[in-house]
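2 protein chains.
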Amino acid sequence: MSDLIPISKAACIGGGVIGGGWVARLILTGIDVAVYDPAPDAERIVGEILANATRAYGKLTAVPLPQPGTLTFVGSIAEAVAGAEFIQESVPERLDLKRRVLAEIDATAEEDALIGSSTSGLLPSDLQVGLTYPERLVVAHPYNPVYLLPLVELVAGNATSPQTLERAKLIYGALGMKPVVIAKEIEAFVGDRLLEALWREALWLIKDDICDVETLDDVIRYSFGLRWAQMGLFQTYRIAGGEAGMRHFLAQFGPCLAWPWTKLTDVPDLDDALVDKIAMQSDRQANGRGIRELERIRDDNLVAILHGLKGAENGAGWGAGQSLKVFEDRLWSMAKAASLSAPAADFARPLSLHETTVNAAWLDYNGHMTEFRYLQVFGDASDAFLRLIGIDAETAASGSSFFTAETHIRHLHETKRGTRLRVETQVLSAGGKKLHLFHRLIHAGTGACHATGEHILIHVANGKPADPPPAIAARLGEIAMAQTDLPVPDGAGRFVGQPR
Amino acid sequence: MSDLIPISKAACIGGGVIGGGWVARLILTGIDVAVYDPAPDAERIVGEILANATRAYGKLTAVPLPQPGTLTFVGSIAEAVAGAEFIQESVPERLDLKRRVLAEIDATAEEDALIGSSTSGLLPSDLQVGLTYPERLVVAHPYNPVYLLPLVELVAGNATSPQTLERAKLIYGALGMKPVVIAKEIEAFVGDRLLEALWREALWLIKDDICDVETLDDVIRYSFGLRWAQMGLFQTYRIAGGEAGMRHFLAQFGPCLAWPWTKLTDVPDLDDALVDKIAMQSDRQANGRGIRELERIRDDNLVAILHGLKGAENGAGWGAGQSLKVFEDRLWSMAKAASLSAPAADFARPLSLHETTVNAAWLDYNGHMTEFRYLQVFGDASDAFLRLIGIDAETAASGSSFFTAETHIRHLHETKRGTRLRVETQVLSAGGKKLHLFHRLIHAGTGACHATGEHILIHVANGKPADPPPAIAARLGEIAMAQTDLPVPDGAGRFVGQPR
Chain A
1 MSDLIPISKA
11 ACIGGGVIGG
21 GWVARLILTG
31 IDVAVYDPAP
41 DAERIVGEIL
51 ANATRAYGKL
61 TAVPLPQPGT
71 LTFVGSIAEA
81 VAGAEFIQES
91 VPERLDLKRR
101 VLAEIDATAE
111 EDALIGSSTS
121 GLLPSDLQVG
131 LTYPERLVVA
141 HPYNPVYLLP
151 LVELVAGNAT
161 SPQTLERAKL
171 IYGALGMKPV
181 VIAKEIEAFV
191 GDRLLEALWR
201 EALWLIKDDI
211 CDVETLDDVI
221 RYSFGLRWAQ
231 MGLFQTYRIA
241 GGEAGMRHFL
251 AQFGPCLAWP
261 WTKLTDVPDL
271 DDALVDKIAM
281 QSDRQANGRG
291 IRELERIRDD
301 NLVAILHGLK
311 GAENGAGWGA
321 GQSLKVFEDR
331 LWSMAKAASL
341 SAPAADFARP
351 LSLHETTVNA
361 AWLDYNGHMT
371 EFRYLQVFGD
381 ASDAFLRLIG
391 IDAETAASGS
401 SFFTAETHIR
411 HLHETKRGTR
421 LRVETQVLSA
431 GGKKLHLFHR
441 LIHAGTGACH
451 ATGEHILIHV
461 ANGKPADPPP
471 AIAARLGEIA
481 MAQTDLPVPD
491 GAGRFVGQPR
Chain B
1 MSDLIPISKA
11 ACIGGGVIGG
21 GWVARLILTG
31 IDVAVYDPAP
41 DAERIVGEIL
51 ANATRAYGKL
61 TAVPLPQPGT
71 LTFVGSIAEA
81 VAGAEFIQES
91 VPERLDLKRR
101 VLAEIDATAE
111 EDALIGSSTS
121 GLLPSDLQVG
131 LTYPERLVVA
141 HPYNPVYLLP
151 LVELVAGNAT
161 SPQTLERAKL
171 IYGALGMKPV
181 VIAKEIEAFV
191 GDRLLEALWR
201 EALWLIKDDI
211 CDVETLDDVI
221 RYSFGLRWAQ
231 MGLFQTYRIA
241 GGEAGMRHFL
251 AQFGPCLAWP
261 WTKLTDVPDL
271 DDALVDKIAM
281 QSDRQANGRG
291 IRELERIRDD
301 NLVAILHGLK
311 GAENGAGWGA
321 GQSLKVFEDR
331 LWSMAKAASL
341 SAPAADFARP
351 LSLHETTVNA
361 AWLDYNGHMT
371 EFRYLQVFGD
381 ASDAFLRLIG
391 IDAETAASGS
401 SFFTAETHIR
411 HLHETKRGTR
421 LRVETQVLSA
431 GGKKLHLFHR
441 LIHAGTGACH
451 ATGEHILIHV
461 ANGKPADPPP
471 AIAARLGEIA
481 MAQTDLPVPD
491 GAGRFVGQPR
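Listed in order, the protein sequences are those of chains A and B. If you read the first sequence in our numbering, its first letter stands for residue 1, the second for the next number, and so on. If you read the second sequence in our numbering, its first letter stands for residue 1, the second for the next number, and so on.
Calculated from the structure, these hints are not laboratory results. Hints may be right or wrong, so weigh each one.
The list treats identical chains as one, so a pair stands whether inside a single copy or across any two.
Within a straight-line C-alpha distance of at most 30 angstroms, the following computed BS3-like cross-link-like pairs (lysine-lysine) qualify [unchecked claim]: (1) K277 / K207; (2) K464 / K433; (3) K184 / K169; (4) K59 / K416; (5) K277 / K169; (6) K59 / K169; (7) K434 / K416; (8) K416 / K464; (9) K59 / K9; (10) K434 / K464; (11) K9 / K169.
Use the sequences and the hints to build the structure in full.
Right under this line is the structure:
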């Protein structure tokens with residue numbers, strides 16, 4: 001899969017919240033990761049972040065994830081970087097410490113391994129001082145949670161080579177991220193500069209009792225936070241300016257800059273009194289929710305937002321949703337490659353091609369999996385079957401696809417949140433443009449059949465019903481033939497309301 | 001509907017982007033609005049905003065919207081406010097102008113009408129100077145687009161009465177908004193203070209060529225913009241701080257405030273050179289897209305994000321998604337009240353109980369509505385039918401509900417994004433615990449039938465199949481009886497694969 005994912009082994013130096021987030025993103029994209037962190041609880045922290053990320057990715061992609069990479073914890077930097085094509089440094093934000101760690105990475109890593117630093121404020125040129133191969137170091141600053149937020153700010157130092165920047169774009173892009181190159185290095189780059197400005201103003205508002213932290217958070221998340229999840233500051237203002245244009249809009253702003261609308265010419269003193277006030281208000285806002293629960297809620301929300309943005313612009317995706325779309329396309333290609341290499345001997349029994357878990361968003365007001373989600377699971381199983389015979393988004397784009405013409409569903413048991421489900425798929429018949437599939441939805445724990453789905457699919461080429469291309473017809477025929485002697489499953493051929 | 005929507009007539013003074021947004025929100029909630037704006041193009045601008053908002057609301061709510069309110073343009077403030085229980089002032093941001101307009105509103109409006117000012121920066125106490133009834137004036141500062149973003153900052157002046165603040169919370173809440181009370185009045189309140197701080201920092205970054213406007217926007221929308229659509233600054237930092245807690249996290253921040261991470265001790269000069277630079281970069285970023293197109297994309301994205309957040313927390317909603325949930329619940333109550341008062345004569349033909357529009361998130365990789373969304377629409381239509389006979393989330397909680405046992409779907413035409421769909425529902429039979437429904441999915445434009453759904457539903461009481469309660473059985477029997485003579489629809493009783 002080297003053309004799909006440009007690396008197969010990575011090293012993460014530092015396993016805190018940020019380092020752990022990098023580990024999770026790499027592992028879930030199928031890359032082996034060696035971690036070095038001398039902290040005694042690093043393995044636990046990384047494990048918890050990986051668990052969070054695995055849970056989130058189970059909902060994030062509409063695509064089967066690749067086999068996860070192997071995670072190992074090692075006792076030294078040298079062990080971690082041995083054989084790694086990509087190294088991410090995420091140690092605490094102290095120049096002396098970072099320089100020491102980077103020097104050790106530089107001395108022991110493969111000469112052409114790419115090194116990214118997660119620093120949120122230090123200058124890359126300062127980090128490059130004293131390195132033997134400084135040209136392969138670039139600042140690659142992510143945002144928490146690293147496994148869900150796509151942004152990585154790439155900042156070159158004086159010694160960073162153009163090739164390093166290009167390779168970094170390729171690698172981080174393959175991880176589903178949005179690499180953004182910052183033109184000049186300054187302390188804190190772009191994102192943290194913006195955050196720092198807003199943060200200082202926020203501290204004044206709390207200190208002066210204009211509002212409490214919950215109100216301030218609500219002001220953000222019910223207004224411009226929603227705007228900024230999909231368009232930034234300037235595009236938003238361009239729209240607000242309307243037909244008169246950006247130039248006219250800016251002209252109106254000139255005078256405002258002289259108004260007393262910010263206290264930013266002063267720096268607030270973050271003394272004990274202010275820290276106490278914020279900590280107490282923050283406890284009240286959390287309303288008894290622990291960090292793990294808040295993380296779960298945040299991740300679910302981010303997944304939902306990313307899903308929403310993925311569907312934008314006729315399914316091409318917008319902003320962070322486009323990053324997800326590109327990532328999924330890559331995963332589809334990997335899944336297809338894996339399907340095509342499956343051995344033929346498996347075909348003589350019903351096929352297990354799709355598994356899923358009932359998540360919270362699938363429940364109706366009775367607390368059970370809602371009816372259309374059954375068809376979603378059956379549809380996903382049909383898609384998995386189509387991939388098996390060589391049909392996917394790519395062949396669809398070139399004009400060859402299957403469409404469902406008819407469906408019959410029987411609901412046999414209620415299905416609760418968290419249930420692991422497995423679909424067994426049987427080909428009832430296949431010939432010409434017609435494909436007759438039968439799915440059984442099995443509770444993976446009890447083995448009970450919770451629902452059945454019977455479907456007629458029609459092959460369509462360039463908008464018209466037509467026989468599938470020979471290679472696909474052959475693959476389909478092979479499976480149908482192998483399943484000829486399977487018994488007709490219970491419930492097949494029923495009409496709605498037919499007595500049992 | 002006075003207990004659901006506390007006002008029936010409103011006045012909007014000022015019909016620009018903000019005033020027009022208020023008009024749209026009010027009209028679409030079923031409230032009559034009179035508008036006064038002396039600008040010659042006010043009627044056109046308000047009309048365009050209302051068209052945008054109508055389009056967005058068609059996708060926003062899963063609930064039938066009420067009959068829209070009546071919109072009238074009038075020639076004076078006195079005419080606009082006559083009989084209005086609620087008046088929103090949205091004239092340009094000049095103290096002298098706002099005072100003159102508010103004085104005229106104050107002199108001509110009903111004595112107890114509530115007056116909200118959309119000012120984004122002026123102090124309410126300054127606006128109250130010279131009014132006869134200053135106690136009913138409150139700053140109610142919204143965010144663009146007003147019809148989609150829930151936030152309204154409520155700021156009381158010295159003379160504002162506590163009753164006014166309570167009434168304002170009630171009225172703005174009924175419009176689907178999130179009213180947030182700011183504790184003390186200061187210029188620009190809370191949201192615009194935060195925006196102004198970030199804006200000044202952004203201007204420096206562009207002026208100093210650290211990045212261009214597109215890069216800056218990408219930095220926002222691929223990282224903290226996603227976070228802030230669902231949790232604000234402090235809750236996010238609480239999570240980032242992890243197990244060590246907010247106090248520990250803040251302690252780390254203290255030293256940073258002394259770091260050179262912002263240029264905010266200076267104010268940038270927004271001179272011609274900087275205006276030119278930003279305007280040119282913004283043109284490039286827009287990539288040929290006009291304002292109307294950007295608005296449409298923005299609105300679709302906001303709708304998708306709000307949908308995502310509405311599904312959070314087991315469907316209870318989170319943040320702005322919770323506002324949408326509360327708004328929908330109110331609309332459901334209105335729809336149910338309307339259903340229950342529908343005359344029996346309507347039942348003698350297939351029922352039109354559910355309409356929807358195909359949104360981007362419903363498309364498959366072929367660009368058509370994906371198969372399980374058909375069942376979602378049929379399920380929503382079944383739910384609408386069940387509400388009609390008195391079954392809803394409330395009766396389900398008390399142990400009486402219908403569950404789908406069996407479904408048959410025929411796909412007759414592909415369905416594209418943006419298609420307005422209407423479901424026609426026919427009762428094939430109803431008796432005892434069994435209900436046999438048939439839905440036809442109609443393209444509202446062409447009248448073509450795109451799919452049919454045939455369903456057996458079983459009434460369940462306290463977990464067991466059982467006859468429905470007498471009142472529900474009676475209502476159901478009345479409809480079934482009225483439909484006895486309707487012809488059996490094409491496709492009913494088919495099994496999968498049956499020759500036509």
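Exercise. Using 30 angstroms as the alpha carbon limit, work out where K59 and K9 are close: within a copy, between copies, both or neither.
Key: For K59 and K9, only the intra-copy Cα distance (26 angstroms) is at most 30 angstroms; the inter-copy one is 45 angstroms.
Exercise. Can you give me the call for K9 and K169, within, between, both or neither, at a CA distance of at most 30 angstroms?
Key: Classified as within: same-chain Cα gap 17 angstroms, cross-chain 56 angstroms, threshold 30 angstroms.
Practice problem: With 30 angstroms as the alpha-carbon cut-off, assign the pair K416 and K464 to within, between, both or neither. | Solution: between (40 angstroms within a copy, 17 angstroms between copies)
Exercise. Could you place K59 and K169 in one of the four classes (within, between, both, neither) given a Cα distance threshold of 30 angstroms?
Key: within (26 angstroms within a copy, 37 angstroms between copies)
Self-check item: Copy assignment of K277 with K207, given that the CA separation must stay at most 30 angstroms
Solution: within (8 angstroms within a copy, 37 angstroms between copies)
Quiz prompt | Up to 30 angstroms CA-CA - K169 versus K184, copy category | solution = So K184 and K169 pass the 30 angstroms test inside one copy only (17 angstroms; across, 47 angstroms).
Self-check item: Copy assignment of K434 with K464, given that the CA separation must stay at most 30 angstroms
Solution: within (13 angstroms within a copy, 40 angstroms between copies)
Quiz prompt | Copy assignment of K59 with K416, given that the CA separation must stay at most 30 angstroms | solution = Cα proximity of K59 and K416: in one copy and across copies (14 angstroms, 25 angstroms).
Practice problem: State whether the alpha carbon distance between K464 and K433 is at most 30 angstroms within one copy, between copies, both, or neither. | Solution: within (10 angstroms within a copy, 43 angstroms between copies)
Exercise. Indicate which option fits the pair K434, K416 if close means a Cα-Cα distance not exceeding 30 angstroms: within, between, both or neither.
Key: between (34 angstroms within a copy, 24 angstroms between copies)
Quiz item: At most 30 angstroms between C-alpha atoms: does K277 with K169 qualify within a copy, between copies, both, or neither?
Solution: between (42 angstroms within a copy, 27 angstroms between copies)
This entry satisfies every hint, going by the numbered hints stated previously.
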